[in-house]
Amino acid sequence: MNKRYVSIWFPHLVTDQMAIRQKELDGIAYALVTHERNKQIIIGVSYQAKKLGLKPNMPLADARIILPSLQAFKYQPLRQQKLLKMLAEWFIRYSPNIALAPPDGLFLEVSGCTHLWKGEKPYLQEISSRLKKAGYHFKIAMADTLGTAWAITHYGENQIVKSGEHLQALLPLPTKALRLEENILQRLAKLGFHTIDSFIHIASSTLRRRFGEEINLRIGQALGHQPEAFETISEPHPYQERLHCLEPIQTAKGIEIAIQTLLENLCILLQKDDVGFRNATLKCYRLDGELQQISIGTNQASIHIQHLFKLFELKIKQIEPDLGIELFIMEATKVEALPKQQEALWQIQAQSNLSEVSELLDRISIKAGKNAIRRYLPQEHHWPEHSIKAVTDPQQLPETEWQTHKLRPTVLLNQPEPIQVSAPIPDYPPMNFTYKGQLHRITKADGPERIEREWWLNEGKHRDYYYVEDEKGQRYWLFRLGHYHSKIAAQWFIHGFFA
Amino acid sequence: MKSPFHQTVIERLQRQILDLEGYKTKPRQQQKKLGFAHIEKHFPNQVFPTGTIHEFVSTQPEHTACTSAFIMALLSKLNTHQGIYVWIGKQRQLFPPGLNYFGIPAHQIIFINLVKPKDILWATEEALKCQSLNGVISELEAITFAQSQRLQLTVEKSKVTGFILRTQTGPIHATACAARWQISPTASLNLTELPGVGFANWQVELLKVRNGSTASFNISWHNDQFHTIESSASQPFLPHAIGS
Chain A
0 MNKRYVSIWF PHLVTDQMAI RQKELDGIAY ALVTHERNKQ IIIGVSYQAK
50 KLGLKPNMPL ADARIILPSL QAFKYQPLRQ QKLLKMLAEW FIRYSPNIAL
100 APPDGLFLEV SGCTHLWKGE KPYLQEISSR LKKAGYHFKI AMADTLGTAW
150 AITHYGENQI VKSGEHLQAL LPLPTKALRL EENILQRLAK LGFHTIDSFI
200 HIASSTLRRR FGEEINLRIG QALGHQPEAF ETISEPHPYQ ERLHCLEPIQ
250 TAKGIEIAIQ TLLENLCILL QKDDVGFRNA TLKCYRLDGE LQQISIGTNQ
300 ASIHIQHLFK LFELKIKQIE PDLGIELFIM EATKVEALPK QQEALWQIQA
350 QSNLSEVSEL LDRISIKAGK NAIRRYLPQE HHWPEHSIKA VTDPQQLPET
400 EWQTHKLRPT VLLNQPEPIQ VSAPIPDYPP MNFTYKGQLH RITKADGPER
450 IEREWWLNEG KHRDYYYVED EKGQRYWLFR LGHYHSKIAA QWFIHGFFA
Chain B
0 MKSPFHQTVI ERLQRQILDL EGYKTKPRQQ QKKLGFAHIE KHFPNQVFPT
50 GTIHEFVSTQ PEHTACTSAF IMALLSKLNT HQGIYVWIGK QRQLFPPGLN
100 YFGIPAHQII FINLVKPKDI LWATEEALKC QSLNGVISEL EAITFAQSQR
150 LQLTVEKSKV TGFILRTQTG PIHATACAAR WQISPTASLN LTELPGVGFA
200 NWQVELLKVR NGSTASFNIS WHNDQFHTIE SSASQPFLPH AIGS
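Chains as they are written, first to last, in numbering that gives the first Met the number 0: chain A, 0 to 498; chain B, 0 to 243.
Hints are computed from structural coordinates only; laboratory data are not their basis. Don't take every hint at face value.
What the hints assert, rightly or not - In silico PhoX-like links for lysine-lysine, alpha-carbon gap of 25 Å or less:
hint, chain 1, residue 1, chain 2, residue 2
1, B, Lys207, A, Lys366
2, B, Lys117, A, Lys366
3, A, Lys316, B, Lys117
Stated by the list, open to error - Derived Cβ-Cβ restraints for the label pairs, each shown as a range:
hint, chain 1, residue 1, chain 2, residue 2, range
4, B, Pro170, A, Leu245, 32 to 42 Å
5, B, Glu204, A, Leu412, 20 to 30 Å
6, A, Glu255, B, His172, 35 to 45 Å
7, B, Leu190, A, Leu412, 25 to 35 Å
8, B, Asp223, A, Ile424, 54 to 64 Å
9, A, Asn431, B, Leu190, 19 to 29 Å
Backbone N, C-alpha and C define an ideal beta-carbon position, used for all residues, glycine too.
Please work from the sequences and hints to get the whole structure.
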């Protein structure tokens, strides 16, 4: 599938934003200036100022001759970069892949995105109307390649270049539209090449001889023959901390210190928002470009640094530092509101401090997996296997009472095991039974207690349970499956041991 | 003959030795009372030692059932308020509805199933460190002296009571546990002449007690209380409750 790119150019990025922030600047001419060799040079101009003929790189004094009322503001170099980054993050709603085109443009890879807005045209219209409403001046174009889209935004009219037609769209544009270096542009101009169509069909070897390899690369990128790097910005992660290392870290102790530092910073961040970790990931970027990562999870939202550190500590072994780690990034991948902190007094009085227990369970589940931890709650079923429900949440309370009026064994076999029995019919308890090759003579017995299957859950015969005691005083739970039959011998099973 | 003066000196020295061995004498109100003098009299200071490790030996499933029930009954007597218990083992065989009869609602027990004995030991130690737990029960096939010492040192700090269920067959090594118990089932107790199986009844054997005396007695559990049964044949089935 063809890739589709959108390029957006903000010719007045900073000045537009100033007008959005300060209403009184709206609709008037002003400029951003900087000091350069005792002169005040204009770096950026507002839309109105541009209309009046003011341009960047003009001395402020000259500009004031054209427009005496021109307002000047100090240029802050970092502001534009920050603003562009912010806009790029805002554009993630339109496409997952956004790249910056410094100093004042953005690229969107929109392959497979436009149909969500019912086509390319409505897609661009949506973006345009949103930006216009916000108050930005911009130019926008969509094409098959980054180069073409960029060329059209800067030197053409707003448009959608249909798939495969980018060459035709490029032909009438000036040579500058190919993003060439200044000296190549000058040489091209000297030779009388002013538009792209004047030289694009010249053989590449000839072009290379005259202008160097770069011109072929740029033509190839604009036409899509040559690949072009597309560095997407990462989605902003609200709970993320980074730690750059001056020297690559190789030791476990070093990793421990890194985790400790990151946790401390991140916990402060989380505490401000009253949330705690449920899941966290530590990413270690190695010197050779490899990424090592470990993740932890907790049962309860937590910002207890020591506890979280212990969880990470159990996994440090999994990190292979190899040549060394140069960057640590810790992310809280899942956060949850912190549980209400109990009063200190309460913790002393009632010994059950739930958070301490859930920290213990966290440690165990990190090592053994979540499935290793179980609690059991009663369920309203008579069938023994169905009478309990396994839960993992350490705080869930039973919905129904535990039934104690019917005796149940202390140990229950996972699967009832067949036994040989001699029992008088019809409903008497057995006189003796053989289990694992050992004969047990029954001295006392209770029963039968008939437990029917729940037909809506499973099918089969009912069980008649007997509570029996042998001559040694050992107590068992036996059952006969189904009714007696004149031809088929009854099947007996042992299912549990009583205390 | 010892004079009364010598007697008190010896007692005081004995108490000091006990203190050094980890049996800290706590103030009266902090002591957890079992309320069952018949068992307690065999332990140092006449108090059932909490904050230590108890070792239970059982090899057959019938014995395991009785041992589990006995531990549950002990815990329910030691802890009057609701608490959290941890049960660590290879595979859960306990049937939670059956435990309620012995005074502990099964939803207060957290079961942890681990495969390797090494992991079970590790989890046991971690659990014993957690002061919020009212009891830790761990099913271990075998435990060496050094391992048991390690656990003992852990509980001396955290004051959690640990119960180790040993299912090992064959000779049993020495351990650093406060007591070694063996619980085996005996014929159930019928209070009236009603037919059928009566109340749970166990032969409780204290095989080893540190600074205490070994003993063997017959205990029954009914109406949420321990009851002893006089072993003499002349008084058949005349139990008397000593529980509070």
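Hints, verified against the model:
For the suggested pair Lys207 (chain B) and Lys366 (chain A), the alpha carbons sit about 35 Å apart, so the restraint of at most 25 Å is broken. A distance of roughly 12 Å separates the Cα atoms of Lys117 (chain B) and Lys366 (chain A); the hinted pair therefore holds under the 25 Å criterion. Taking the CA atoms of Lys316 (chain A) and Lys117 (chain B), the gap is near 18 Å; set against the 25 Å cutoff, the hint holds. Between Pro170 (chain B) and Leu245 (chain A) the CB atoms are about 59 Å apart, so this pair departs from the stated range of 32 to 42 Å.
The hint said 20 to 30 Å for the Cβ distance between Glu204 (chain B) and Leu412 (chain A), and at roughly 26 Å that hint holds. Range check, Glu255 (chain A) to His172 (chain B): about 37 Å between beta-carbon atoms, so the 35 to 45 Å window is met. At roughly 30 Å, the beta-carbon separation of Leu190 (chain B) and Leu412 (chain A) lies within the given 25 to 35 Å, and the hint holds. Distance hint for Asp223 (chain B) and Ile424 (chain A): a CB-CB separation of about 39 Å, inconsistent with the stated range 54 to 64 Å.
Judged by the Cβ atoms, the range 19 to 29 Å given for Asn431 (chain A) and Leu190 (chain B) holds: they are separated by roughly 26 Å.
Of the numbered hints given earlier, the model fails hints 1, 4, 8; all others are met.
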